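Numbered according to the working numbering, the sequence shown terminates at residue 524, and the numbering increases by one at each position without gaps.
Just to be clear, a hint being listed does not mean it is correct.
[As the list claims (entries may be wrong)] Only pairs whose alpha carbons sit at most 25 Å apart, straight line, appear in this in silico DSS-like list of lysine-lysine:
id, residue 1, residue 2
1, LYS498, LYS31
2, LYS399, LYS375
3, LYS399, LYS438
[Unchecked claim] Have a look at the derived ranges for each label pair, beta carbon to beta carbon:
id, residue 1, residue 2, range
4, THR298, GLY91, 41 to 51 Å
5, PRO222, LEU418, 37 to 47 Å
6, GLY113, ASN411, 53 to 63 Å
7, ASP146, THR80, 22 to 32 Å
8, GLN477, PRO434, 32 to 42 Å
9, ASP182, GLY319, 13 to 23 Å
10, GLY113, ASP182, 31 to 41 Å
11, ILE247, ASP182, 30 to 40 Å
12, SER295, ASN411, 27 to 37 Å
Think of the hints as simulated: they come from the structure by calculation, not from any bench. This one's a predicted model, so the numbers in the text were calculated from it and none came from an experiment. Don't be surprised by glycine CBs; every beta carbon is placed ideally from N, CA and C.
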Amino acid sequence: MSFTPDVPSNALTAAEYNSGLNVETDVRGIKKIFGEQEILTAVPNQAIFMEGGFRNETTWIYVVATRDTSNNGRWYSVSTSGVSNITPGVGGNPSVTLPNYTEDINITTSWVGNVFFINDGISNPMYFLPTNTEITVTSNSVWNYDVGVTKTVAGFVRNYCSPNVGNILIAGNITKTSGGIDYNYPTTVRWSQAFANTGVPANWIPTLSNVANEQEVPVRGPLIDGFFLGGNFYVCSYWDTVVFSPIAYQNSTAPVFGVRLLNQGRGLLNNNCWTNTDANVYGIDARDIWVFDGSNFTSIGNQRVKDYFFSNLNPTYYGRIFMVNNTQKYQIEIYYPDLNSSGWCNKMLSYRYDLNIWNAPKDIQNACMGTEGPKVVSGAFNLASRVITYAQASGTSKKLIQTAVGNSFINNAAIPCLFERNNMAMQTAQGPVPFSSKVYVHRLLPEISGSGAINITVGGSDSTAKVSTYGQTGTTQIDTNTPWVTTQQNAVRMVSLKVQSNDNTDTWNLTAINWQTTIVEDAF
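Produce the entire structure from the sequences given, and follow the hints as far as they go.
Rendered as structure tokens:
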């Protein structure tokens, strides 16, 4: 079953539904989502970003950026051993902070082997070596190389393992400060000297003896983010996408990349609103939700969820959208602030790329960023199992949250679930009941597995545009000898259905519903 709210309910196919919350498609059924759980030790301040990766071959950590009420920033390492302050300079000054860490800071990161690269758009790019106890800020002599320029910052920095020269970092949307004045070069990119998996760039300075360079790219609008796919690297603005294609490396004076405009009209809405899967990249721009295979951008939201998504996206906080690939479930997950959000991502919309279907929105606890990581079981990372973990950006708790655990939200809160389907046409032995006829629904029998009880409400209307009128809600136990729900007196042309639950203990998976109906009126 696919969640397709953009399709008129009277035009839905048998495998589509138009309204739902906290339910997802499983194999041939709709089921209640799994719950969430707080994990590990809380960070001391409010999170605004997080990522995860291997510190060494067996040690997994989460790296969390935080801010206090005065916009002072600190970075922390979170693991099963506890929380460590890894803010640059913390070894010499335990009270050190980074300035201007507001809620709207744009942070991009990359893991290269066990080295974690960070760009916060405020200072020089940073990195966290596996043997160090704090983050290091790239020196001005390595990064800020222009004569007369006192400071250089980038809108994003990403890793690219190029087939011709190896690992490099690519930065875009450069701002340089000279004489106390900031000069922005929104379509400029620069890339570093090549470096080993266990190291960092020796410099970013373009010379005749390395591959580093800086140049403009042909896009409209400022550069937002970049990603690799296959052997190429792609850089996106709000409107367009350019491709960096490796050129056979001959000597230090020859170009190492061919840079050309790939697509006009496809870009990114903000950084971090894209994710890699095995063979594709998924992303969001102001036009649609797309999938990119290295050659073509293809819509996956149009006439399915596009209008629903953008009409429910909060226009004030849209810059906080992020996307994660949940490999355990074969789905990309879009975390976004809806119209009721107080500033952070309170909903998640997922797309099952193995089944080509969308799931209904899921409630989220004000997430600022998330990533896939090992499941925490009894306080230890289980490297044989993966889940999505995200950081809460508001609220009293400052612990990370892992998903797909248990049957309740955090603090043992109930999960409100809804599956709704409107304007259904009943079937007879001769085919569908004509629209001219009305039917009386006597009872229905859900084919459902799980535990606890399920609430089912039947309603309907006499035309496809009329709002459905629902009767009383019936409840049936899932494990029972009487697996049916009876209905009130009714006679409608188009039948509507709600399947609901709201508990913190049970789970269910609905694969089919059997109807007992009678045609009670024909119109000629």
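Hint by hint, here is what the structure shows:
1. Between LYS498 and LYS31, the direct Cα distance comes to roughly 13 Å. Compliance with the 25 Å bound is thereby established for this hinted pair.
2. Restraint check: the Cα-Cα separation between LYS399 and LYS375 comes to about 15 Å, which is no more than 25 Å; the hinted pair holds.
3. Our distance criterion of 25 Å between C-alpha atoms is broken by LYS399 and LYS438, whose separation comes to about 54 Å.
4. Evaluation of the 41 to 51 Å hint for THR298 and GLY91 yields a pass: the beta carbon distance comes to about 49 Å.
5. At roughly 40 Å, the beta carbons of PRO222 and LEU418 sit within the given window of 37 to 47 Å.
6. As the Cβ distance of GLY113 to ASN411 is approximately 38 Å, the hint placing it in 53 to 63 Å is violated.
7. Taking 22 to 32 Å as the suggested C-beta distance range, the pair ASP146 and THR80 does not conform, at roughly 44 Å.
8. In this structure the hint that GLN477 and PRO434 lie 32 to 42 Å apart at CB holds, the actual value being about 36 Å.
9. Range check, ASP182 to GLY319: about 20 Å between beta-carbon atoms, so the 13 to 23 Å window is met.
10. One distance hint, 31 to 41 Å for the beta-carbon pair GLY113 and ASP182, holds here, with the actual separation near 34 Å.
11. In this structure, ILE247 and ASP182 meet the distance hint of 30 to 40 Å, their C-beta atoms being roughly 34 Å apart.
12. Restraint check, SER295 to ASN411: a C-beta distance of roughly 47 Å breaks the suggested window 27 to 37 Å.
In the structure shown, a violation is registered for the earlier hints numbered 3, 6, 7 and 12, in ascending order.
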